[in-house]
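Undergrad: Listed below are the residues making up each chain.
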Amino acid sequence: MALGNAFLLLGDDQLLAGAVKGCADALEELFRRYRQVAYRVAYRLLGHEADALDAVQEAFVKALTHLPSFQGRSSFKTWLLRVVSNAALDFGRQRGRREALNLDWAGRRRESLETAPQPEPSHDLERADLRRQLQEALSKLPAAQRQTFVLHAEADLSYREVADVLGISIGTVMSRLYYARQKLRAMLEPVIKST
Amino acid sequence: MTPPSHDWSHGAAGGEPGPELLAAYLDGELEGRDDLAALRARLEDWIACHPEVRDEIQRQRRLRRLWEQTAPEEPTAAQWRAALSSILSLASAGRARAPEAPFAETKGKAYVQTLGLVAACLACVVLLSATFLSSPTQPWSVPSALDFYLPEDDPFPVARSQEVEVLQVAGADTGSLPIGRLPVQGELELVGHDDVAFSESNARVIFGVNSPMAWERLRDNEP
Chain L
1 MALGNAFLLL
11 GDDQLLAGAV
21 KGCADALEEL
31 FRRYRQVAYR
41 VAYRLLGHEA
51 DALDAVQEAF
61 VKALTHLPSF
71 QGRSSFKTWL
81 LRVVSNAALD
91 FGRQRGRREA
101 LNLDWAGRRR
111 ESLETAPQPE
121 PSHDLERADL
131 RRQLQEALSK
141 LPAAQRQTFV
151 LHAEADLSYR
161 EVADVLGISI
171 GTVMSRLYYA
181 RQKLRAMLEP
191 VIKST
Chain R
1 MTPPSHDWSH
11 GAAGGEPGPE
21 LLAAYLDGEL
31 EGRDDLAALR
41 ARLEDWIACH
51 PEVRDEIQRQ
61 RRLRRLWEQT
71 APEEPTAAQW
81 RAALSSILSL
91 ASAGRARAPE
101 APFAETKGKA
111 YVQTLGLVAA
121 CLACVVLLSA
131 TFLSSPTQPW
141 SVPSALDFYL
151 PEDDPFPVAR
161 SQEVEVLQVA
171 GADTGSLPIG
181 RLPVQGELEL
191 VGHDDVAFSE
201 SNARVIFGVN
211 SPMAWERLRD
221 NEP
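From first to last, the protein sequence lines are chains L and R. Under our numbering, the first residue of the first sequence carries the number 1, and numbering increases by one thereafter. Under our numbering, the first residue of the second sequence carries the number 1, and numbering increases by one thereafter.
Isolated chain L, as found in the complex:
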């Protein structure tokens, strides 16, 4: 679908107004603007490409379905990232239950490997290994610390924006970040030393 250039110039408020009325071009532009950050946040929380994409889809569906109730107290980005991060955490919990029952995880993993972009040798293998180690350390954090850290580090949100997304105080954001960093640094000490 060709997207008119005019939509690229519109602010989020105008796009939201159009999206509420069901304008597909406005919806598409909102998706194009925020899909990348949404995916990166979901991926960091889940560590799995296919699940992250599913979480992003689910979050956008929820966000678009409930657009009429979005009151603009926060920016669309922070509102969307709240939905995305909660959807990703829910996905993670469901996946944990699935893995415990040994259901379709193996099939989804196979599918993920088949559809993911094929990495180039050497440099990307090293990067993939670093990513795996980081994801493993991240998965050991309590969910609240993990969510706070990912929103700040990946979505590049300020303390205040993270506080708005999660509905917590700025002091709590700072405290969670402090402890998350401490734990990550301790777990990744050998890797950090070599960077």
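One thing to keep in mind: the hints can contain errors.
Per label pair, the in silico range of CB-to-CB distance [said to hold, decoys possible]:
#, chain 1, residue 1, chain 2, residue 2, range
1, R, 55, L, 9, 45 to 51 Å
2, R, 61, L, 9, 54 to 60 Å
3, L, 144, R, 61, 21 to 27 Å
4, L, 168, R, 16, 24 to 30 Å
5, L, 160, R, 42, 21 to 27 Å
6, L, 144, R, 165, 26 to 32 Å
7, L, 189, R, 81, 40 to 46 Å
8, L, 22, R, 69, 37 to 43 Å
9, L, 9, R, 33, 30 to 36 Å
10, R, 69, L, 68, 38 to 44 Å
11, L, 125, R, 50, 36 to 42 Å
With the C-beta cut set under 10 Å, the calculated list includes, among others, these residues of chain R facing chain L [claimed, not checked]:
#, residue
12, 29
13, 40
14, 41
15, 60
16, 66
17, 68
18, 70
19, 71
20, 82
21, 87
22, 92
Note that these hints are calculated values from the structure, not bench results. Since this is a predicted model, take the numbers as computed values, not measurements. Positions of the beta carbon are idealized from the N, C-alpha and C atoms, including for glycine.
Following the hints, position chain R against chain L.
TA: Quick look at chain R alone, frame taken from chain L:
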């Protein structure tokens, strides 16, 4: 409880900045802010004089570089198109299923009016309770220019573990056995019943109301 001795907001010498302030410095929350320029300069001077903190900040910066190096691969254009198509169709279906007026035809005006009356009564009860039962609270005097809390005129005292002395612990409160000689400063050491051995000749037990409060840990070479 002794409040922290540092007072970075008033430029007092001595003491050390809290971890939150160091994190804010690391995250660039103090940059580009004229009202925090002096604080940032003081913090940088302090960090320069404390190599262990400077090293920790460097390690945190390396952690950040590691994070940036491991950014995930983005989905392909085809995957994005498929995702968007799915989103648009599901979102349309979701909006189509949402009821427009849940009480319009089926419940009637009297039902709605009754619900409104009940809600209003409940709201009055809540408001009255809040008025008469709530204790007066101290207003926060956080300057509007600051995005995060810095100790100003009315600091909220938060103690670190080393600044708190535990004078009394009941084992029943913890579900395990507190170890140590009272008063305890710092983290409580809690053990299960399998982790300690009781020796009448060496243990010192301080009894509380219903259960032992603390046991002195046996030294390694004692039976």
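Undergrad: All hints, please: hold or fail.
TA: Checked hints:
1. R:55 with L:9: 45 to 51 Å: holds, 48 Å
2. R:61 with L:9: 54 to 60 Å: violated, 37 Å
3. L:144 with R:61: 21 to 27 Å: holds, 24 Å
4. L:168 with R:16: 24 to 30 Å: holds, 26 Å
5. L:160 with R:42: 21 to 27 Å: Hint holds: Cβ distance 23 Å, inside 21 to 27 Å.
6. L:144 with R:165: 26 to 32 Å: About 29 Å separates the Cβ atoms of residue 144 of chain L and residue 165 of chain R, which means 26 to 32 Å holds.
7. L:189 with R:81: 40 to 46 Å: holds, 42 Å
8. L:22 with R:69: 37 to 43 Å: Since residue 22 of chain L and residue 69 of chain R have Cβ atoms about 42 Å apart, the given range 37 to 43 Å holds.
9. L:9 with R:33: 30 to 36 Å: holds, 31 Å
10. R:69 with L:68: 38 to 44 Å: holds, 41 Å
11. L:125 with R:50: 36 to 42 Å: holds, 39 Å
12. 29: holds, 6 Å
13. 40: violated, 16 Å
14. 41: violated, 21 Å
15. 60: At 6 Å from the nearest chain L Cβ, residue 60 of chain R passes the 10 Å test, so the hint holds.
16. 66: This interface hint holds because 5 Å falls under the 10 Å limit.
17. 68: Nearest chain L Cβ about 9 Å off; hint holds.
18. 70: holds, 4 Å
19. 71: Where the cut-off is 10 Å and the nearest Cβ of chain L is about 7 Å from residue 71 of chain R, the hint holds.
20. 82: holds, 9 Å
21. 87: Interface hint status for residue 87 of chain R: holds (5 Å vs cutoff 10 Å).
22. 92: Where the cut-off is 10 Å and the nearest Cβ of chain L is about 8 Å from residue 92 of chain R, the hint holds.
Hint compliance for this structure: hints 2, 13 and 14 are not met, and every other hint is.
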